[in-house]
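Chains D and Y are the protein sequences, given in the same order. Residue numbering for the first sequence follows this note's numbering, beginning at 1 and increasing consecutively. Residue numbering for the second sequence follows this note's numbering, beginning at 1 and increasing consecutively.
These are calculated hints, taken from the structure and not from any lab test. Please note that the accuracy of each hint is not assured.
Said to hold, decoys possible - Here are the simulated DMTMM-like pairs of lysine to aspartate or glutamate, each with C-alpha atoms no more than 20 angstroms apart in a straight line:
{"id": "1", "chain 1": "Y", "residue 1": "Lys309", "chain 2": "D", "residue 2": "Glu38"}
{"id": "2", "chain 1": "Y", "residue 1": "Lys184", "chain 2": "D", "residue 2": "Asp39"}
{"id": "3", "chain 1": "Y", "residue 1": "Lys309", "chain 2": "D", "residue 2": "Glu46"}
{"id": "4", "chain 1": "D", "residue 1": "Lys47", "chain 2": "Y", "residue 2": "Glu310"}
{"id": "5", "chain 1": "Y", "residue 1": "Lys184", "chain 2": "D", "residue 2": "Glu38"}
{"id": "6", "chain 1": "D", "residue 1": "Lys105", "chain 2": "Y", "residue 2": "Glu485"}
{"id": "7", "chain 1": "D", "residue 1": "Lys47", "chain 2": "Y", "residue 2": "Glu485"}
{"id": "8", "chain 1": "D", "residue 1": "Lys47", "chain 2": "Y", "residue 2": "Glu486"}
{"id": "9", "chain 1": "D", "residue 1": "Lys104", "chain 2": "Y", "residue 2": "Asp463"}
{"id": "10", "chain 1": "Y", "residue 1": "Lys482", "chain 2": "D", "residue 2": "Glu46"}
{"id": "11", "chain 1": "Y", "residue 1": "Lys288", "chain 2": "Y", "residue 2": "Asp174"}
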Amino acid sequence: MSNELTRASEIIDSYGCQQCNLIAIMQEIQAEYKYLSEDALTLVAEKLGISTAKVYSVATFYENFSLEAKGRHIIKVCAGTACHVRKSQPIYDAIHDYLGLTGKKRTSADGVFTLETVACLGACGLAPVMTIDGEVHAKMTPEAALALLEEIRKEESGK
Amino acid sequence: MAKGIMYIDGQRVPFDGEKNVLAVIRKAGIDMPTFCYYSELSTFGACRMCVVEDERGKIDASCSMEPRDGMKIRTNTARLLKHRRMILELMLASHCRDCTTCEKSGKCRLQDLALQFGVRRVRFEDTRPHYEKDHSSPAIVRDPNKCILCGDCVRVCEEMQGMGILNFAHRGSDLVVSPAFDRKLSDTNCISCGQCAAACPTGAITVRDEIGKAWRVLYDADKRVVFQIAPAVRVAVGEAFGLEPGVNAIDKLVSALKMMGADEVYDTNFGADLTVMEESAEFLERLKKGGPFPMFTSCCPAWIKYLEKENPKYLKNISTCKSPMEMFAAVLKDQYKAKDAADGRTTFHIAIMPCTAKKMEAKREEFQHDGVPDVDLVLTTQEIITMIKESGIRFDELEGEAPDLPFGMGTGAATIFGTTGGVAEAVARRVVEDKSKNTLQAIQFSGIRGSDVIREVTLPVGDRVLRIAVVHGLVNAKKLLKDIEEGRAYYDLVEVMTCKTGCVGGAGQPYGLIPVKQRRAEGLYEADRAALIKRSERNPIATELLEGALKGRTHELLHVHYKDPRK
Chain D
1 MSNELTRASE IIDSYGCQQC NLIAIMQEIQ AEYKYLSEDA LTLVAEKLGI
51 STAKVYSVAT FYENFSLEAK GRHIIKVCAG TACHVRKSQP IYDAIHDYLG
101 LTGKKRTSAD GVFTLETVAC LGACGLAPVM TIDGEVHAKM TPEAALALLE
151 EIRKEESGK
Chain Y
1 MAKGIMYIDG QRVPFDGEKN VLAVIRKAGI DMPTFCYYSE LSTFGACRMC
51 VVEDERGKID ASCSMEPRDG MKIRTNTARL LKHRRMILEL MLASHCRDCT
101 TCEKSGKCRL QDLALQFGVR RVRFEDTRPH YEKDHSSPAI VRDPNKCILC
151 GDCVRVCEEM QGMGILNFAH RGSDLVVSPA FDRKLSDTNC ISCGQCAAAC
201 PTGAITVRDE IGKAWRVLYD ADKRVVFQIA PAVRVAVGEA FGLEPGVNAI
251 DKLVSALKMM GADEVYDTNF GADLTVMEES AEFLERLKKG GPFPMFTSCC
301 PAWIKYLEKE NPKYLKNIST CKSPMEMFAA VLKDQYKAKD AADGRTTFHI
351 AIMPCTAKKM EAKREEFQHD GVPDVDLVLT TQEIITMIKE SGIRFDELEG
401 EAPDLPFGMG TGAATIFGTT GGVAEAVARR VVEDKSKNTL QAIQFSGIRG
451 SDVIREVTLP VGDRVLRIAV VHGLVNAKKL LKDIEEGRAY YDLVEVMTCK
501 TGCVGGAGQP YGLIPVKQRR AEGLYEADRA ALIKRSERNP IATELLEGAL
551 KGRTHELLHV HYKDPRK
């Protein structure tokens, strides 16, 4: 087992290697590594004594599990009813184009951003909203959203 | 177990222990349609074809209902018919509809039921993406475009074989059956047992078709085409031509092959006799040396593949004997070198097997010489049935012909290799000192035969008592391994067959459930009873060969050491 998986292994052990805890284990591994790698899922299957195909089946069933490495910054655009009627879709589209995403890809090629949608943030009064790394940005427009991303990108390249 | 009376379409139907309403309906003589219901696996309840309506108009799937006393249901109402048609139409909408050129055409349950329910048009557009076919396995081909998501393959792989290679992945309209991480089968631990293909109701998983190759060599005058026929094939091949399961049709099969252009047709039983003698000798040697025990039989290539991929520490326990097919082929190719040199033809060896894993075994490096495999081609029972049909031969009307000599000679002990317990029984016959008829019968009735998934037998040999286990269905073999590992069981000899019921239930055989497979096994035992020679060491040609032409070379020709692929 590679060093990278030591933490995953500890997480699985902390649940007593029980099959019924599969989802909880995967959630915690994802919280730790930001995504579920093939190696991590294979380890889960081995330690829990279930087939890798079954673990993969559960991991791909839930939208919340990500099997791709995510970017360093996670953008969530709200697609709830209030945000939707106040035009959140153009914001999503603008970011999507700005990051050069195609098809099912949700992470930019440089690994800086991952774009996701969220069903409702409960901040409907501030619609349309988006979050960047958990920080809420209210009353967004496509232009304002892109400006925020530009700023982060500048910081990133300055590092 | 529940007992009582149900009312099905107004008929009184008693039930006694049936596991669901569907079984009671079928017992009542109604052919209830299903896709996802496979009586030998857990109930899944996905296809909804078996829906019934109760007296209050409630509709539910009969596979998932327990029979209750006084229950009243109808199996055919206007609403049910409408539902079934709609299910079929929706399935067809997202299904590749190249029926005429499909491998499964004529044997496809989707095609059959669409016809039965008169689905004449499909109003919906196919919005599913196109999936690549997976040709990577030497034994099976997967075409997800023809999958109806019934999950039979998933449950066979998990519940019967304990492998769990296939499962559902993704969700909703993206749902597919696939190995983990959408890998190709060759990148998984798949052991090529083919039971997924045997369970698949459509053409989504099929056995790799190599009929074209077979016809090409049969038409080639420079090739001497030599066949061997496995024990389990003879009791199943006739099923496609109106013969009962278990009827021994080897003679007809030999005639058919000769008509199709075979030069020589032999019997794998000859190879099995060699296996019995070598394996018994090895076993006695291990008894002398004190191990390693248990000794596992080595006839089943899927079993060996499993150990290599998931449990390599047991490879040393496997008998070093090649399988009967490979022993036969090694001897044949060796003995025919001179013949080939004399008449300038090349011997092309085809093995007819009940098994898909044999296709994988034949391609293994260990069984090749200078890049040429000892078995050039493996055809399944089903493939040979297709070829016979293509030739237009009326199989059931054929006059039989015995296999050729010298390698067409086999004993009763070899014939029973095709069923669970057969290999162990053949070895037992060889190792007991007392060879009287009574002893043979004592072995037969010791519990070595039967359908229990794990059977234990004790057999006195010399001053010790041998403990023999017989297991079929890989999931049960895994259980047995665990018992051995944790010290709950000890055996000297363990016979393992990956498929339930043994080779008679192989994935290369015509479709059938356990009762059919058991009748095939009965056919093999009957052939054994009728055989003049019951014990392998009495096979005159095999013994002559072992003491003559093969003397000193048995290790090279008849044995193999499987290595841990990870080392």
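- Item | Straight-line alpha-carbon gap lysine 47 of chain D to glutamate 486 of chain Y, limit 20 angstroms | holds, 18 angstroms
- Message: Tell me if the straight-line CA distance from lysine 104 of chain D to aspartate 463 of chain Y falls inside 20 angstroms.
- Response: violated, 70 angstroms
- Query: Would the pair lysine 309 of chain Y and glutamate 38 of chain D pass a check requiring their Cα atoms to be no farther apart than 20 angstroms?
  - Reply: Between lysine 309 of chain Y and glutamate 38 of chain D the Cα gap is close to 18 angstroms, so the pair holds against 20 angstroms.
- Given the proposed pairing of lysine 184 of chain Y with aspartate 39 of chain D, does the C-alpha separation stay at or below 20 angstroms? Answer holds: lysine 184 of chain Y to aspartate 39 of chain D is near 17 angstroms, not above 20 angstroms.
- Are the Cα positions of lysine 47 of chain D and glutamate 485 of chain Y separated by 20 angstroms at most? holds, 18 angstroms
- Task: Please work out if lysine 184 of chain Y and glutamate 38 of chain D have their alpha carbons no farther apart than 20 angstroms.
- Result: holds, 15 angstroms
- Hey, lysine 47 of chain D versus glutamate 310 of chain Y, does the alpha-carbon distance stay inside 20 angstroms? holds, 14 angstroms
- Task: Would you check the hint for lysine 309 of chain Y and glutamate 46 of chain D, treating anything up to 20 angstroms between C-alpha atoms as holding?
- Result: This hinted pair holds, its Cα atoms lying about 14 angstroms apart.
- Holds or violated: are the alpha carbons of lysine 288 of chain Y and aspartate 174 of chain Y at most 20 angstroms from each other? Distance of about 59 angstroms is beyond 20 angstroms: violated.
- Task: Given the hint that lysine 105 of chain D pairs with glutamate 485 of chain Y, test it: the Cα-Cα distance must not exceed 20 angstroms.
- Result: Between lysine 105 of chain D and glutamate 485 of chain Y the Cα gap is close to 46 angstroms, so the pair fails against 20 angstroms, i.e. violated.
- Query: Has the given pair, lysine 482 of chain Y with glutamate 46 of chain D, been kept, meaning a C-alpha gap of at most 20 angstroms?
  - Reply: Given that 20 angstroms is the threshold and the Cα spacing comes to 16 angstroms, the pair holds.
The structure is inconsistent with the numbered hints 6, 9 and 11, although it conforms to all the rest.
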